[in-house]
Every structure is written in structure tokens, then in C-alpha cells.
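Protein chains in written order, with my numbering: chain G, 332 to 690; chain W, 19 to 429.
You may find that some hints are simply not true.
[Claimed, not checked] Below are the SDA-like pairs computed for lysine to any residue, each with C-alpha atoms no more than 20 Å apart in a straight line: (1) K599(G) - L87(W); (2) K599(G) - G497(G); (3) K599(G) - R88(W); (4) K599(G) - P425(W); (5) K587(G) - D267(W); (6) K362(W) - R352(W); (7) K599(G) - L424(W); (8) K362(W) - V536(G).
For the record, the hints were derived by calculation from the structure and aren't laboratory data.
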Amino acid sequence: MNPDVVVLGAGIIGAACAQALRARGLEVVVVDRHGPASGTSAAGEGNVLVSDKEPGPELGLALASRALWPELAHDAEWEEKGGLVVATTPEAAAPLRAFAAAQRTAGVDACEIGPSDALTHEPHLNPEITAAVHYLQDAQLNPVKATRTLLRGIEVRRAEVSTTDGRSVTTSGGVISCGAVVNATGPWARHFGVNVLPRRGVVLVTTPIPGRIRHKVYDADYVGAVASGDADLQTSGVVESTQAGTVLIGSSRQRKGFDEAIESRVLKALAQRAIAMFPMLADVPVMRAYGGFRPYAPDHLPIIGEDPRTPGLWHATGHEGAGVGLAPATGHLLADLLTGATPLVDPHPFRVDRPEVMV
Amino acid sequence: MRVVVVGAGPAGMAAARTAADAGAEVVVVDSEPDAGGQYLRGRARFAHPGVAHWKNTEVWMVEGGTLHLRTTGAGQGDSGTSTPPIPRVLTFDSLVIATGAYDRPLPFPGWDGPGVITAGAAQALAKQGVTLAERVVVTGTGPFLLPVATALQDLGATLVGVYEASSPTRWLREARAITANRHKIRELATYRRVLPRLETRTAVVAKHGDRVTVAKLDSQWRPVSHRTVHADLVCVGYGFLPRTDLLPDAARTDGFYVVDDHQRTSVENVYAAGEVTGIGGADLAEAEGVVAGAAAAGLQPPATALEAVRRGRLFGQALARAHAVEPGWRSWLRPDTTVCRCEKVRLEDLTSASTMRELKLTSRVAMGRCQGRICARNAAELTGVPFDGQRRVIAVPIPLGELAELPEEQP
Numbered sequence: 332m333n334p335d336v337v338v339l340g341a342g343i344i345g346a347a348c349a350q351a352l353r354a355r356g357l358e359v360v361v362v363d364r365h366g367p368a369s370g371t372s373a374a375g376e377g378n379v380l381v382s383d384k385e386p387g388p389e390l391g392l393a394l395a396s397r398a399l400w401p402e403l404a405h406d407a408e409w410e411e412k413g414g415l416v417v418a419t420t421p422e423a424a425a426p427l428r429a430f431a432a433a434q435r436t437a438g439v440d441a442c443e444i445g446p447s448d449a450l451t452h453e454p455h456l457n458p459e460i461t462a463a464v465h466y467l468q469d470a471q472l473n474p475v476k477a478t479r480t481l482l483r484g485i486e487v488r489r490a491e492v493s494t495t496d497g498r499s500v501t502t503s504g505g506v507i508s509c510g511a512v513v514n515a516t517g518p519w520a521r522h523f524g525v526n527v528l529p530r531r532g533v534v535l536v537t538t539p540i541p542g543r544i545r546h547k548v549y550d551a552d553y554v555g556a557v558a559s560g561d562a563d564l565q566t567s568g569v570v571e572s573t574q575a576g577t578v579l580i581g582s583s584r585q586r587k588g589f590d591e592a593i594e595s596r597v598l599k600a601l602a603q604r605a606i607a608m609f610p611m612l613a614d615v616p617v618m619r620a621y622g623g624f625r626p627y628a629p630d631h632l633p634i635i636g637e638d639p640r641t642p643g644l645w646h647a648t649g650h651e652g653a654g655v656g657l658a659p660a661t662g663h664l665l666a667d668l669l670t671g672a673t674p675l676v677d678p679h680p681f682r683v684d685r686p687e688v689m690v
Numbered sequence: 019m020r021v022v023v024v025g026a027g028p029a030g031m032a033a034a035r036t037a038a039d040a041g042a043e044v045v046v047v048d049s050e051p052d053a054g055g056q057y058l059r060g061r062a063r064f065a066h067p068g069v070a071h072w073k074n075t076e077v078w079m080v081e082g083g084t085l086h087l088r089t090t091g092a093g094q095g096d097s098g099t100s101t102p103p104i105p106r107v108l109t110f111d112s113l114v115i116a117t118g119a120y121d122r123p124l125p126f127p128g129w130d131g132p133g134v135i136t137a138g139a140a141q142a143l144a145k146q147g148v149t150l151a152e153r154v155v156v157t158g159t160g161p162f163l164l165p166v167a168t169a170l171q172d173l174g175a176t177l178v179g180v181y182e183a184s185s186p187t188r189w190l191r192e193a194r195a196i197t198a199n200r201h202k203i204r205e206l207a208t209y210r211r212v213l214p215r216l217e218t219r220t221a222v223v224a225k226h227g228d229r230v231t232v233a234k235l236d237s238q239w240r241p242v243s244h245r246t247v248h249a250d251l252v253c254v255g256y257g258f259l260p261r262t263d264l265l266p267d268a269a270r271t272d273g274f275y276v277v278d279d280h281q282r283t284s285v286e287n288v289y290a291a292g293e294v295t296g297i298g299g300a301d302l303a304e305a306e307g308v309v310a311g312a313a314a315a316g317l318q319p320p321a322t323a324l325e326a327v328r329r330g331r332l333f334g335q336a337l338a339r340a341h342a343v344e345p346g347w348r349s350w351l352r353p354d355t356t357v358c359r360c361e362k363v364r365l366e367d368l369t370s371a372s373t374m375r376e377l378k379l380t381s382r383v384a385m386g387r388c389q390g391r392i393c394a395r396n397a398a399e400l401t402g403v404p405f406d407g408q409r410r411v412i413a414v415p416i417p418l419g420e421l422a423e424l425p426e427e428q429p
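Based on the sequences and whatever the hints tell you, model everything.
Printed below as a string of C-alpha cells:
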């Protein structure tokens, strides 16, 4: 029997789309060349963040997603750990406070706290910080477990996809006819007609130091690095621990195609940023580093909707570093649009027909 | 031209001498305080004109034509002389990787408890003159078990048994390899005192306190009968896993670097010699080192060394066949047997997965301090997930403070 929808890509976005479509009663098959969460989804930290988004359509999608995640991720190490954003220079304090104030008007739970309260939350934090905002909604999950949970009961075929016309998919395992196709191939989405580019990121992992770092803690300049479109290396301090006690250290952004080499200058910059926030990390060994590719859309907005040039071909990609956080609302919105239901959020900002997206 | 050799075992020392004799400036970087590697630890004399030997120094990353170094332990650099401190980076024109291999343990109930160590660890401790226990057993596969047992016996330990899981009759099919390597048979005589303790098609399949369950195995290594012996220490060695972290992108077969007849890897200007290319003993490693050292210095390798490599590889291939790990070992485990010691992952915690990354991130196997060096291969075989050769971009743990102080510009 032919499926109603074929989803290309078994990452967190493809899994969320497949899960949402199936919940509407549609027959769904997911096709991936390597299997569940084998690309970008497993190369991040599993963050579900609202703190790093300014008021606007992406924040709306993030808040909608945040409301959906707890029920979907309860057996995927879901942890409502909260985020702590800190300003590390006198000049950075006022912009951080203004940013948080604007977010509050958009429904974000952003509590401005003094440096001494910040040190109560994070005793090993550098006491030199100039301002801090506590974001209670920020959470974390295990992205591989979450992807597998979303895909429960859904067929995942291991095959390479060469082409699709929106009504069929040509794979290394044969042609699949279907009613619609969802392109959820993340940084590889350009192959199917949308302008998504890989944006490199590297994460350092330390040996376990359980209990020493409690929240996701990051430097306020991270928001600027996310919003930048610069191809050159940018780094910002992002530090958090996992349930295993290891500490994950990011973040770096670099556009250099699908080059997988890990450069020592990136490791150096990440280490410097992390130590500036948590001086005690200087003595903690790094035991591994891993890298991945974020699906980057030049105008920094996800792409969710039908391709006007190819009826039947839908896109759900371009989430850059926020795919885990945005996944459930993306799947929900895509399923709304595909089935003609009332959309969860205004879909217009995410439409495919944007000058920087159509290629 | 500068040739850098990583590792000062038989392969690395031979590569360094050969490259220096060919006129290259040679630096040998080795993590140990003394040359010799695992095989000749503490017994090697290594001083050669044109070769600088940087001791207690680890390479943690190869980046293009640059090595990133860190010093370990108290001593720095050449002992005795007033040499400058070891730099953080070292550039090379040619690089020879001779980092060797380490023992592969197989898990069984109790292997993660006290009194179980790898055979290589036992031998290394024995070389330091440490006695480990009164009653010892050696279990595993391959001829390496015999020198380990001999070393332990020389230290006064009571050798309860040497258990070889494979059948010696497998060597009957390897006449060609044996004919080309007669000296290997003579070597056996060195171990004649432990041969009476040798039992084949036998393995330790459980340890609880000082009681060890020993099983007779069928050809697939499934237990067919059991008995209990008393032993304080079990030394385990099921062959070796190569230490190949420095070239995460190099082509490999079954975990070992693929090299051509001049020991060239798939990475430009990088050669490999010794156990990183396949297990075949110290004489093969040394011959490969001669070939790699000559080629790295831009010379045609000597015909004698090329011939020694050819003969040695025949033996190495026969060894791999005769002492292949058979799948029946998987039946030694119980659901609660530890597979990954660092993260305390048991057999029953292993998930069904299609890739190693998925397996690791859902079960945490191979995610701990050893980064899967001990357990990843075993976890792959237990689950049927294809073993991916373990790409690790940081070869040894390095404190964040050191990373933060990396030199700004590379020379």
C-alpha cells in the first residue's frame, strides 16, 4: 500500500512531522540514509530554549513547542533545568536587561536576578558577572531518545533519496508513490530546492563532574552570534551539564560547507569562553569533541510549508541550532497546513516563497 | 626535512633510526618515560645520532602538518641534559604513526570486579617487578598469553592455568605462514615452563570473589562444560585493538590503518608502522618501521625490510585467522553483566540501534572516560550494530585550561 506521506529525514524534525501526521490518521513512511537521529539531531546538546529568541515568529513557534514537549519527551531524559544568561562585561548588562524585558511582554518567563542570586543558582560561576537573567522555561532532553520516541510505531526505511516530484520519491530502494512528501533533511535540504546551508558547530565534552553545573548557562553575546550571518568563525560561551555529569561546552558557528575537520583554534576559543564563565573548568579534562551541521536559512527563520513550484512537496527545515526546541510545533504546524486544519501559529513568516529561500 | 615518529616501540625506534640514517632530522615523541613500548618496556636502549627523543609527551591531535603536544608526568623532554622544554606544537614534513595496540578484554560476569586485569597490564606490572597475587590464571587467545604467563611465574606467582579459547589445530591450516616464519616456532621454546599449564578451547567465563568458573568451549566458543578453580587474579587478553585515534579520517580495515607497500596511509605524508597496521609481533613491527622510516625520509626502502614485512604479514594474517574472536563469547554474559565499565552499562541496557552513535546516545555505552576504547567493539558485536572504528578527534583527555592557552599562530 502506498503511504499518504513520505517524510525525508529521520532527524528530530522529520520525526516530529511524521508523528504529527500520523496523529491525524495519515499513513506515514520515513526515509533516511543512516537511520534515526544520525545527523544534526545527535550533534547538539538537546536544548529546548526560549531564552535565546527575540520577540517574533520564531519565539512564538518556540513557546508553542515548549508547551508540547513535556508530554512527548517524558521518557527522553526531559529536564526542566532552566537557563541562566549572564552578562560578562559592564556594557553587556543593559542590553541583556532590555532583551529580557521585551521577551517578558511576549510571554517568556524571564526573571532578572542580581549577581549574588546568580551565584546561589550556580556557585562556580565567575563572580565578575554584571547581570543575569533566569529563564525558567528552558529545558533539555536527549535528542536521540526523543527522536526514537516520536518515531514509535512509524516505519523508517534505510535508503538514499535521489529525487522527488511531490507525488513520488525515488530512493536507492525503489520508487515510493505517495500523496505528499515532506523534506526534513536539515542541512541537506538544499538538494530538494530550498536555500539551506550547513553552519558548522563544535561541542566539547568534559569528564564527569556531577552536580557542579546545574543550569544551561550562557553568555549574553550568544544571542548576537546566533543572529549573525557571518561565515567566519564565531564563538560564544555556552556551558551545561548532562544527566551523566559530563559538561557540554559550545558554541561555535562557522560556514565552511560540509568540512568535518575539527580545528584547534575552535577548541581554544570554546575553552577560553567556558573558563571565563566558570574558572574552575580550567582543570577539568575534555575527553571528546564532536561537530555537526546546523541547517541555516539566510534569513534565520525555519521553512515550513508547501513548495509553490512543486505541489505535493512540503518543506520543514532551516531551524539552524533550534531544531530540537522547535520540533513539535513544526510538526504540528506542518500537519495543520497539510490537512487544512487551523494552523497552530501564523504560518506566513515560515512560508517557502521567501526571496532568500527559493533557489 | 623533518620526520616525526609517534611512539618509541620496536616500530617507532626502527623508523627513527632509518630516517635519521637517511639524513632526516628526526623527532620521536613518546608518552612513556623510557623507550621500548609495550614489548620492550624498560629493556630498550635508544640513542641514535640525529634522533631527538621526547619522552613523557603525548600527541593529542594531528592538524594538517602540525602535531599538538602535551607533556605528562614529572619529567619533561630528554632526561639528564639541559634541553629546552617541549613545545606545544611541532610541524613535520613526514609523520610516522607507531602508536601500537592495547589488549582487548571480553566481558564476563565479574570481569569488572577486583582481581581482573588485562594481560598487557599484568605484563607491564611484572616488568616493574611487582607481584600481583598468589594464584593467577591467564585467559584469552593468541601467543601473547604465553610470555604473560611466563613473566607472572617468574615473579613467584602460582600459575593455575593458561586458557586459550581457540583450538591449536587451526594452525595446521597455516603451513605457508609457519614455513616463512620458522623463528616463531623456536620462540615457543622460551615459554616451555608454562606450556604444561596451557589448556586450549578453554576460557574463564565468570569470576566471583576468588572462585573462577572455567569452561571448555566448542569451536564457536560456546561453553560445553564448567568447573571451578580458585584464583586471586585473572589476566584477560583476546587479541589487540590498534591505537589509531591520531588519524580519525585515515582509511582502515577492521580498525587497522590501511597502508601501501611503503607503509603510506591514506593521509598525505603520513606513514604507519607496527601494530596500528595489523598484529604480527615485534619483528614485523620493526621491519615495518624500517620501511616507513626510509619512505618517510624520501628513500627507497631496503629490500631486506620489504621481504621481512612480506613474511611477517603472512604470519600476522595466519594469527588473525587462527585466533579470531568467535561469537560464542556473547553467551558468557548474563543480562546484568557490565559491558561498559565507565558508564556502568549492562548487557540488558543495550538498545537496538542502527548506528554506533544511536547506540551510544541511547544506552551511554562507550560514552565514558575511556571513550569506548575498551567496550565499543564488544558492544557492537553484542548488538549487531556495525562497528564504526571510533572517530575520536581528541586522542587523550586534555584540561580545558591547556586548550585555552594553545599558541595563537601555528609555526
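Okay, the hints, checked on the actual structure:
no.: 1; hint: K599(G) - L87(W); result: 14 Å, holds
no.: 2; hint: K599(G) - G497(G); result: 45 Å, violated
no.: 3; hint: K599(G) - R88(W); result: 14 Å, holds
no.: 4; hint: K599(G) - P425(W); result: 9 Å, holds
no.: 5; hint: K587(G) - D267(W); result: 18 Å, holds
no.: 6; hint: K362(W) - R352(W); result: 14 Å, holds
no.: 7; hint: K599(G) - L424(W); result: 6 Å, holds
no.: 8; hint: K362(W) - V536(G); result: 18 Å, holds
The structure fails hint 2 only (numbered hints given earlier).
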